[in-house]
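Asker: Chains as they are written, first to last, in the UniProt record's numbering: chain A, 1 to 275; chain B, 1 to 312.
Each hint should be verified, as a subset may be incorrect.
Claimed, not checked - Covered by chain B, per the in silico footprint, the following chain A stretches (three or more residues, Cβ under 8 Å):
1) 8-20
2) 26-40
3) 48-54
4) 58-72
5) 199-211
6) 258-268
What the hints assert, rightly or not - Distance windows between CB atoms, simulated:
7) LEU102/A <-> PHE221/B: 44 to 50 Å
8) MET211/B <-> LEU102/A: 48 to 54 Å
9) ASN171/B <-> LEU24/A: 23 to 29 Å
10) ILE292/B <-> ALA44/A: 49 to 55 Å
11) THR74/A <-> GLY303/B: 38 to 44 Å
Stated by the list, open to error - If we take Cβ atoms under 8 Å as the criterion, some of the chain B residues that face chain A in the derived model are:
12) LEU36
13) MET43
14) PHE55
15) VAL111
16) THR113
17) THR114
18) VAL123
19) VAL131
20) VAL134
21) ALA197
22) ILE235
23) VAL242
24) THR249
No lab work stands behind these hints, which were simulated from the structure alone. Cβ coordinates follow ideal geometry from the N, Cα and C atoms, glycine included.
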Amino acid sequence: MRTGYRPRTFVLELVMVAAAVAFLFPVYALVTLAFKDPGQIANAPLSPPNPPSVKSFGTAWQSASLGSALLNSTLITVSSVIALIVLGSLAAYFLARRASRLSYSLYILFLVGIILPFQLGMIPLYQLVNDLGLLGTYQGMILFYTGIQLPFTVFLYTGFIRSLPADYTNAALIDGASHLQAFGYVIFPLLRPITGTVLILNAVHIWNDFFTPLLYLGGSGRETVPVRVFAFVNEYTSDYGLVAAGLVLAALPILVVFLILQRYVIRGFSSGLKG
Amino acid sequence: MTAVMSPPVTPVPPPVRRVGRRGGIAPPWLFAAPALLVYALVMLYPSIVGAGSAFTDWSGVGEQRSFVGLANFKQLLHDDQALGALRNTLFLTVAIVVVQNGLGLLLALGVHTTIKSRMVLRVIFFAPVVVSPVMVSFLWKYVYNPAPDAGLNAALNAVGLGSLRQDWLGNPSLAIWSVAFTVIWQCAGYSMVIFLAGLEGVPQELHESAMVDGAGTVARFRHITWPLLAPAVTINVMLSTVGGLTLFTQIIAMTNGGPGYATDTLSTVLYKQAFVFGKFGYSTAVALVLAIFVAAVSFIQIGYLRSRETAA
Numbered sequence: 001m002r003t004g005y006r007p008r009t010f011v012l013e014l015v016m017v018a019a020a021v022a023f024l025f026p027v028y029a030l031v032t033l034a035f036k037d038p039g040q041i042a043n044a045p046l047s048p049p050n051p052p053s054v055k056s057f058g059t060a061w062q063s064a065s066l067g068s069a070l071l072n073s074t075l076i077t078v079s080s081v082i083a084l085i086v087l088g089s090l091a092a093y094f095l096a097r098r099a100s101r102l103s104y105s106l107y108i109l110f111l112v113g114i115i116l117p118f119q120l121g122m123i124p125l126y127q128l129v130n131d132l133g134l135l136g137t138y139q140g141m142i143l144f145y146t147g148i149q150l151p152f153t154v155f156l157y158t159g160f161i162r163s164l165p166a167d168y169t170n171a172a173l174i175d176g177a178s179h180l181q182a183f184g185y186v187i188f189p190l191l192r193p194i195t196g197t198v199l200i201l202n203a204v205h206i207w208n209d210f211f212t213p214l215l216y217l218g219g220s221g222r223e224t225v226p227v228r229v230f231a232f233v234n235e236y237t238s239d240y241g242l243v244a245a246g247l248v249l250a251a252l253p254i255l256v257v258f259l260i261l262q263r264y265v266i267r268g269f270s271s272g273l274k275g
Numbered sequence: 001m002t003a004v005m006s007p008p009v010t011p012v013p014p015p016v017r018r019v020g021r022r023g024g025i026a027p028p029w030l031f032a033a034p035a036l037l038v039y040a041l042v043m044l045y046p047s048i049v050g051a052g053s054a055f056t057d058w059s060g061v062g063e064q065r066s067f068v069g070l071a072n073f074k075q076l077l078h079d080d081q082a083l084g085a086l087r088n089t090l091f092l093t094v095a096i097v098v099v100q101n102g103l104g105l106l107l108a109l110g111v112h113t114t115i116k117s118r119m120v121l122r123v124i125f126f127a128p129v130v131v132s133p134v135m136v137s138f139l140w141k142y143v144y145n146p147a148p149d150a151g152l153n154a155a156l157n158a159v160g161l162g163s164l165r166q167d168w169l170g171n172p173s174l175a176i177w178s179v180a181f182t183v184i185w186q187c188a189g190y191s192m193v194i195f196l197a198g199l200e201g202v203p204q205e206l207h208e209s210a211m212v213d214g215a216g217t218v219a220r221f222r223h224i225t226w227p228l229l230a231p232a233v234t235i236n237v238m239l240s241t242v243g244g245l246t247l248f249t250q251i252i253a254m255t256n257g258g259p260g261y262a263t264d265t266l267s268t269v270l271y272k273q274a275f276v277f278g279k280f281g282y283s284t285a286v287a288l289v290l291a292i293f294v295a296a297v298s299f300i301q302i303g304y305l306r307s308r309e310t311a312a
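For reference, chain B alone in the conformation it holds in the complex (with noise of 0.2 Å):
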């Protein structure tokens, strides 16, 4: 259907309204100009604005700044708390994308089924993602209580496991797990729904085909849901390492980044050099690398789990 009609008897004049190639009459680009100007104002321009302040010496106060080339991104290889604070961002990110997604996986599996509870346990699984990251934090902080009669370790003292009572939120080298276990707790729910959404899509009729077939559990899983699940893969994995790569409410509620340096990521990094060291040419840096590097892994990303998708 066009908009382009049989000739008419009499003349007509010619049509003023422009034809998409949809074959529809295409509205007028003022249609799009608000939200344009308003993602202008509030993204773009400030994005474009603190990329250029990467390479000067800007504090933050008044206009003075100059141009300094490359000294921040320098200064930034040698910084040892930013350095660390890669790290542990790539670290949190890897974890929360594998044990979030898989243990999403497995929920969803567990309440696509005819068990009774599944739509309780539906929403007991999705209720964490809609309470707020800061509140859902200090309740983990309670939990993660240094005292050996509170949160778990008074838990694990009432199970018998009393051995295992740790300080987990100021042990170094476990806090960066204790936050990432928050963050998976809140956001298992959410991976656990585009999962059912993609189970949803699953045909009912190739399982029944393949069960004739004599194909058990996990070969049906392997061969049928699996591949079909690639798009919420895609969505779950992307939505994942976006998140884990700018954590920031969690740590600054939790932890503050510490102990010392532990718990720190590009994100805390940069808000306190920003708002704290009143160093903001070179917080816009670690802004930088850490644009580059969602940019980068979402590009690779969807590149390859797309071409999943289509394999499939």
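In isolation and in its complexed conformation, chain A is listed as follows (with noise of 0.2 Å):
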């Protein structure tokens, strides 16, 4: 309904410039706390700070190891992705191209871990993990994230390889390529859309992740960003100056991100799950 700028228009800008407000009272609620000393806490619970003060932040950054968790998050999201990309395109390039038998059970077999709830094999997999000794490790954590997202990955990529034309490749393999030098060289690069969206939805939630670094990594001194933060949030409990400074600085990394790269990520997700 791309219509011109009518009073109703300016009606709905305003209906929803408020929601918006409301929608982002809770950041302003969280964002002033972090500025505010104690006293000011209490006397003035929703006013701006006045005047504000950023002691807080240099004490939450000490007191929940943010520097190293930052690594940690990054090495661990970084490299599972990396590995999703490569082994999911591949798997679904022989899944999307073959139209055998053992390709279309292999595809539902894929398909049967999106709606398998991860509780299920939650503690065999704990067991196994401790028994390879990748307890507390990051290749612990990148095998599990690997696994755990090939599923919707080998789904986004073979949906997407099917409607590349064959003609590409087979050119290539005439030409006297191997298999892997036609993906590399040919199929790779055509994907490059395709693997926008499975880089960012797999960072997005491996990044965010909280339940499985928190089982794997706890006391590893390996912890990821949102598990410094579950454990720095119930130390300080009451100071929820501090707690709120913590929260701010856990979040602002993954915020700057988005914001930089936001036209690419809210693209990326409703043209990955559009199915």
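Using the hints, put the two standalone chains together into the complex.
Answerer: Structure (structure tokens):
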């Protein structure tokens, strides 16, 4: 309904902006809290900080060891996403191009993983990770995220590859390229749009996951941001200003990345899930 | 275009590469092997072991376990905490599916217009999606602070609605709504983005010709937009259903299942049974019930919603 800007549009604009303001109330409460000293918190819970104090941020950064948590989160997220892109696209290349009973069965098998709740295998997997000596390691987490996110990744890649004409690869193969070369030089570059979607969806999920790193990394010194924040908040539970500063600091990196890439993130989410 | 070429002039060796029915030369299955291996190791194998141990009295430590048949499931039927958790799970799922998607649709319709702030509003409404649920939970835990002069209570007081102040997370009948609202606040933008993608696909000409025929906003929404949004509805409903059924982080971070068992879900119960009480066999029985729920609901929804899509 992209008609001109009419009085009705103006009313709608006001309603939507009012909705956004109400929507942002919790964020306002948190951010102002982080800039207040304890006295201001008690006396003026909702007014803007006056004067603003940044003392809590330094303390929160230190107490939650956010620096090393950010490094851990980055390492785990980047490695897992790379593994997912490589393994997922290779598998999808086979599943999309071969019309055999085997490839169809494998495709269905991967799809099952999308609705299989991870809770069912949670305890045996914990044992397995422990037996493999991967408890508390980066490798264990990367293996876990790769496995758990592969069904969705394979699903997205397979759908996309099916829409590509087979001629490109056939030409490369007839020219004497191996399948791996054809994939690396011809197919993979063509997958760029869906690779962007796969990257965004998986990175957001892995970066934000809380339960698995709590279970597998707790006490190892390699905890990710959500786990450190969880421990930090539970430790300083009564010091609202400090807790708020910690939450702001922990959420800031992903929000900054999101604001820079928001166009691609939003498009990636919608196109990736359109099915 | 197939890989079968015109008769060669000179004899050539028989093709060694398999030709797929899609008309391409198919890559060997080894391309799928690494992914399959990792997927099987991390998801399939543990899930099968998990499903199997639901019929044992495994404590989780060591190999000691014996087959107990359906005893865990019988126990589940008489476990008030687990039954309450099942009720809570279903309640949360329905509340989240209906409100989150309803709100997401309204937001999408609102920002899919000529209003000047539409791009900024999209970013604002979507932003909570990229923040970790554990952090969003703590943020809302402050908003729900029981103190009369903090968070939501302070805001109610400030606008003269002080009589509505509540102990949002401490009141057993209110706490589950408070948790649901947090999830809805975080995920409404997710639904919005998927609906927006669906709205982009609604041909403008249909609306124009309907307007010429005198159809109002409501009629055009009912007869054009809504039917054409069917695929977006399918995806949104499925995603929020699975999300609601497996809700865990927000509950652990905000209420830990309390007060009492008022906000326990199947996920938190199976977690507590396993890691707090050491009853792994029983815990996996709860997990199996959860898995069956998720699978059954997904299949019913796929069947129903897909038929709606093709009918549209």
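Asker: A separate judgement is required for each hint: does it hold in the structure or not?
Answerer: Against the structure, the hints:
A stretch counts as covered by a chain when three or more of its residues have a beta carbon under 8 Å from one of that chain; for the segment 8-20 of chain A and chain B the count is 8, and the coverage holds. With a cut-off of 8 Å between beta carbons, the segment 26-40 of chain A has 5 residues touching chain B; three or more are needed, and the interface restraint holds. Counting residues of the segment 48-54 of chain A whose beta carbon lies closer than 8 Å to any beta carbon of chain B gives 0, which falls below the threshold of three, so the coverage claim is violated. Coverage of the segment 58-72 of chain A by chain B is violated in this model, with 0 residues showing a Cβ closer than 8 Å to a Cβ of that chain against a need of three.
Interface restraint, the segment 199-211 of chain A with chain B: holds (6 residues with C-beta to C-beta distance below 8 Å; minimum three). With 5 residues having a beta carbon nearer than 8 Å to a beta carbon of chain B, the segment 258-268 of chain A meets the requirement of three or more and the stated coverage holds. The supplied range of 44 to 50 Å is met by LEU102/A and PHE221/B, whose beta-carbon atoms lie about 46 Å from each other. Our hint of 48 to 54 Å for MET211/B and LEU102/A holds, since their Cβ atoms are close to 53 Å apart.
In this structure the hint that ASN171/B and LEU24/A lie 23 to 29 Å apart at CB holds, the actual value being about 26 Å. Checked against the hint of 49 to 55 Å, the pair ILE292/B and ALA44/A passes, with Cβ atoms roughly 52 Å apart. Distance hint check: the CB atoms of THR74/A and GLY303/B are about 42 Å apart, consistent with the given range 38 to 44 Å. The restraint placing LEU36/B at the interface with chain A holds, with a minimum CB-CB distance near 7 Å, inside the 8 Å limit.
Checking MET43/B against chain A: minimum C-beta separation of about 5 Å stays under 8 Å; hint holds. Interface restraint check for PHE55/B: the shortest CB-CB distance to chain A comes to about 13 Å, outside 8 Å, so the restraint is violated. Because the closest C-beta pair between VAL111/B and chain A is about 7 Å apart, less than 8 Å, the hint holds. Residue-level restraint check for THR113/B holds (minimum Cβ-Cβ distance to chain A is 6 Å; threshold 8 Å).
Annotation: interface hint on THR114/B holds; nearest CB of chain A at approximately 6 Å, less than 8 Å. Among the interface hints, the one on VAL123/B holds; its C-beta lies about 5 Å from the nearest C-beta in chain A, closer than the 8 Å criterion. Because the beta carbon of VAL131/B sits about 5 Å from the nearest beta carbon in chain A, less than 8 Å, this interface hint is met. Hint on VAL134/B holds. Least Cβ distance to chain A is approximately 4 Å, under the 8 Å limit.
Taken as an interface hint, ALA197/B checks out: its beta carbon lies about 3 Å from the nearest beta carbon of chain A, inside 8 Å. Here the hint on ILE235/B is kept, as its CB sits about 5 Å from the closest CB of chain A, short of 8 Å. Against a cut-off of 8 Å between C-beta atoms, the interface hint on VAL242/B holds, since the closest Cβ of chain A lies about 7 Å away. Satisfaction of the interface hint for THR249/B is found here, the shortest Cβ-Cβ separation to chain A being roughly 5 Å, below the 8 Å cut-off.
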